[in-house]
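Colleague: Chain residues, written in single-letter form:
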Amino acid sequence: MATTDDLIANLVDELRPVRRMRQAQGLWFIAAAIGLSVAVVLLSLGQRPDLAAGRLDPIFLMGSGSFLILGLAAAVTVVIMGRPQVGTDHRGWLWAAAMATVLPLAALITGIAAGPATALARSAPDHGLTCLLVGSALGLVPALLLVAWLRRGAPTSPERAGLVTGVAAGCFGIFAVSLYCPYNDVMHIGLWHSLVVVTCAAAGRAVIPRLIRW
Amino acid sequence: MIADEATLARLMAMAQNGDRQAYAALLAACSQWLMRFYRRRVAPHSCDDLVQETLMSLHQKLASYDPERPFLPWLAAIARYRWVDHLRKLYRADETGFDSEPIAASEEPAIAARISLARLFQYLSPAQARAIELVKIEGLSVAQAAVACGQSESLVKVNIHRGLKKLAALIEKD
Chain A
1 MATTDDLIAN LVDELRPVRR MRQAQGLWFI AAAIGLSVAV VLLSLGQRPD
51 LAAGRLDPIF LMGSGSFLIL GLAAAVTVVI MGRPQVGTDH RGWLWAAAMA
101 TVLPLAALIT GIAAGPATAL ARSAPDHGLT CLLVGSALGL VPALLLVAWL
151 RRGAPTSPER AGLVTGVAAG CFGIFAVSLY CPYNDVMHIG LWHSLVVVTC
201 AAAGRAVIPR LIRW
Chain B
1 MIADEATLAR LMAMAQNGDR QAYAALLAAC SQWLMRFYRR RVAPHSCDDL
51 VQETLMSLHQ KLASYDPERP FLPWLAAIAR YRWVDHLRKL YRADETGFDS
101 EPIAASEEPA IAARISLARL FQYLSPAQAR AIELVKIEGL SVAQAAVACG
151 QSESLVKVNI HRGLKKLAAL IEKD
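Chains as they are written, first to last, in our numbering: chain A, 1 to 214; chain B, 1 to 174.
No wet-lab data here; the hints were simulated from the structure. Glycine included, C-beta positions come from ideal geometry on N, C-alpha and C. Treat each hint with caution, since some may be false.
Under the rule of at most 16 Å between Cα atoms (straight-line distance), these lysine to aspartate or glutamate pairs were calculated in the EDC-like manner [what the hints assert, rightly or not]:
hint, chain 1, residue 1, chain 2, residue 2
1, B, Lys-165, A, Glu-159
2, B, Lys-166, A, Glu-159
3, B, Lys-166, B, Asp-85
4, B, Lys-173, A, Asp-89
According to the in silico footprint, chain A covers these stretches of chain B (three or more CB under 8 Å from chain A) [unchecked claim]:
hint, segment
5, 3-17
6, 20-30
7, 48-56
8, 59-70
9, 74-83
10, 160-172
All chains, full assembly: derive it from the sequences and hints.
Modeller: Below, the structure is given as structure tokens:
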């Protein structure tokens, strides 16, 4: 191997001005991730009838709001992970994740009370499967943007960064789909919408680390 | 001479703008800093290689530093990442010219200690730290390490595996 002095000479020779990864720039990535996902849904599937009419269901608001906030917490964590620094804690998003588990837990509790057959019917499985597939596929849009950020950056834990990126992608994907999905039952949102986040998180954890390792 | 935090941060900001003279000074200072940082935490013969790998990572990830933030915690994160990666890749070192000075006896100042490698080792169990030191840093075989620390060979392997996994998860922890 060449000496360190030779290496330094080569690196200096290769130096080009770089565009710094500012925090604000990362936040623009997040805004683009949400905006694009929502635009794809509204342009291709349209919006819920009650949304257009201005009558908003509280379960819909709480469900979509929870996913949006968890998505934001996870995406901000991804932005932070791109710019490493000893002394940074990356676990803040877990509190938002804990809050969001209220949705599947509420579905589980009401499901147990109603009995399995009623609970499954109320979750609208046919439409639920569509939400799961479309929401997960839509997660690719935010995932691509966040992966681009991480590839420029230097995430020191590619596995964790992959998982958190998956959570953010799933949350933004299902948030966008929820603007179209007309179902307001907590069984539907707690089961199928939450599954999108779980699916994307698992996919992110499995696939993304190899894309961002350095 | 080891440059101070403010000087390094300034040189780095200039380098990001394409100033080659500042970059040459920065890399020279960083290579010295890294030599000290890695000392006693890698086998002496691989220290140069690791410093060079880290300088290449610094070069590749130049954009991820924000001049509004301190420089050394950024460099330490890059360096810790390369170090854990190095320990993972290391199959078995074939030299044991190891400086036997006790690892806990550090004369580093308080701020440097917070970003040091010794700091990371504190999060390992004593058995994990010992197994990693003997095999990955001193270059003993698993069998030799088992004799040296009184653990079974499989336990040494398990401790190395779990210890490295833990280190990888703690890279940005102070």
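Colleague: Does the structure break any of the earlier hints, and which numbers would those be?
Modeller: Failing hints: none at all.
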